[in-house]
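Asks: Each chain is listed here by its residues.
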Amino acid sequence: MAETKIGRERPLSPHLQVYRLTLTMAMSIAHRITGVALYFGALLLAVWLVAAATSADAYDTFLWLAASPVGWIVSFGLTFSLLHHAIGGIRHLIWDMSLGLDHPMREWLTFGSLISSVVLTVLIWGVGFALFLRG
Amino acid sequence: MVRTPLGRVRGLGSARSGTEHFWKQIITSVASIPLTIFFIGLVLSLVGKSWVEATATLGDPAVAILLSLFVATNIEHMRLGLQVVVEDYVHADLPKAVLLMLNTFFSYGLGFSALFAIAKLSFGS
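Chains H and Y, in that order, give the protein sequences.
Our numbering applies: residue 523 is where the first sequence begins, and numbers increase by one.
Our numbering applies: residue 207 is where the second sequence begins, and numbers increase by one.
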């Protein structure tokens, strides 16, 4: 495929235009989106660690940014992304072992991973918020 | 599909290294499960802590080792993941090559920085 050139555009099979949006399809797209979000979120992980290794001022600045409105939103989004992507990943590993691929098991796995990622995000954020208020 | 005997022995797919990519992604995914649980616990334990307390925790050998493993595992995982995303959506030669390179630079640059920071917190002053 290294010789592909964008010369004459060739027609592609319709996909998004024709398939009914099923749960498994939506979750597959979400898995990719959360993955990309985490890819860029990893930058914040590195910034946090480098700030800690730099100075108390740098670390405090980072914490100040993290506690800002945008910081809260980003933190919440990354928490959900991490949990959704990780639990979805476990679902994919199960499927990779050729388990749970039949209907209705695949729908249950998909639905279960969605619900558990939402519940865990809320729980972890509950704990985190409580710790933030106390600390 | 034409497969050479050598290609079959090496387990190379049509993407030249597809099987290796897949296996690396599986390994990093599996390793990431317990490491992520650790990471979430670590972050929660550092909420509301001062710099002095945080750096003491991050410099602790057990924490530093697990956190380093978390970083290293997920750097590879994210690099492989975005490689697939680029290959799925970018088909022209030059943009694809540039984006794949940027992916590698970003992933390893970020990973090296994080690991360096952990090392400095462990050994430096």
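One should not assume that every hint holds.
[As the list claims (entries may be wrong)] Okay, derived cross-link-like pairs now, DMTMM-like style, lysine to aspartate or glutamate, Cα gap no bigger than 25 Å in a straight line: (1) Y:K255 to H:D582; (2) Y:K326 to Y:E282; (3) Y:K230 to Y:E282; (4) Y:K255 to H:D579; (5) Y:K302 to H:E531.
[Said to hold, decoys possible] Distance ranges between label pairs, derived from CB positions: (6) Y:A298 to H:W617: 54 to 60 Å; (7) H:W594 to Y:T263: 18 to 24 Å; (8) H:Q539 to Y:V290: 22 to 28 Å; (9) H:S550 to Y:A268: 33 to 39 Å; (10) H:P533 to Y:F318: 40 to 46 Å; (11) Y:A268 to H:T583: 24 to 30 Å; (12) Y:P240 to H:V592: 27 to 33 Å.
Treat the hints as calculated values from the structure; they're not laboratory data.
Predicted, not measured: the structure shown is a model, and the values here were computed from it.
Note that beta-carbon positions come from the ideal geometry of N, C-alpha and C, so glycine has one too.
Asks: Next, verify each hint and record whether it holds.
Replies: To see whether the hints hold, each was checked on the structure:
| no. | hint | in the structure |
| --- | --- | --- |
| 1 | Y:K255 to H:D582 | 10 Å, holds |
| 2 | Y:K326 to Y:E282 | 22 Å, holds |
| 3 | Y:K230 to Y:E282 | 8 Å, holds |
| 4 | Y:K255 to H:D579 | 14 Å, holds |
| 5 | Y:K302 to H:E531 | 17 Å, holds |
| 6 | Y:A298 to H:W617: 54 to 60 Å | 32 Å, violated |
| 7 | H:W594 to Y:T263: 18 to 24 Å | 23 Å, holds |
| 8 | H:Q539 to Y:V290: 22 to 28 Å | 23 Å, holds |
| 9 | H:S550 to Y:A268: 33 to 39 Å | 37 Å, holds |
| 10 | H:P533 to Y:F318: 40 to 46 Å | 44 Å, holds |
| 11 | Y:A268 to H:T583: 24 to 30 Å | 28 Å, holds |
| 12 | Y:P240 to H:V592: 27 to 33 Å | 31 Å, holds |
Checked against the numbered hints given earlier, this structure breaks only hint 6.
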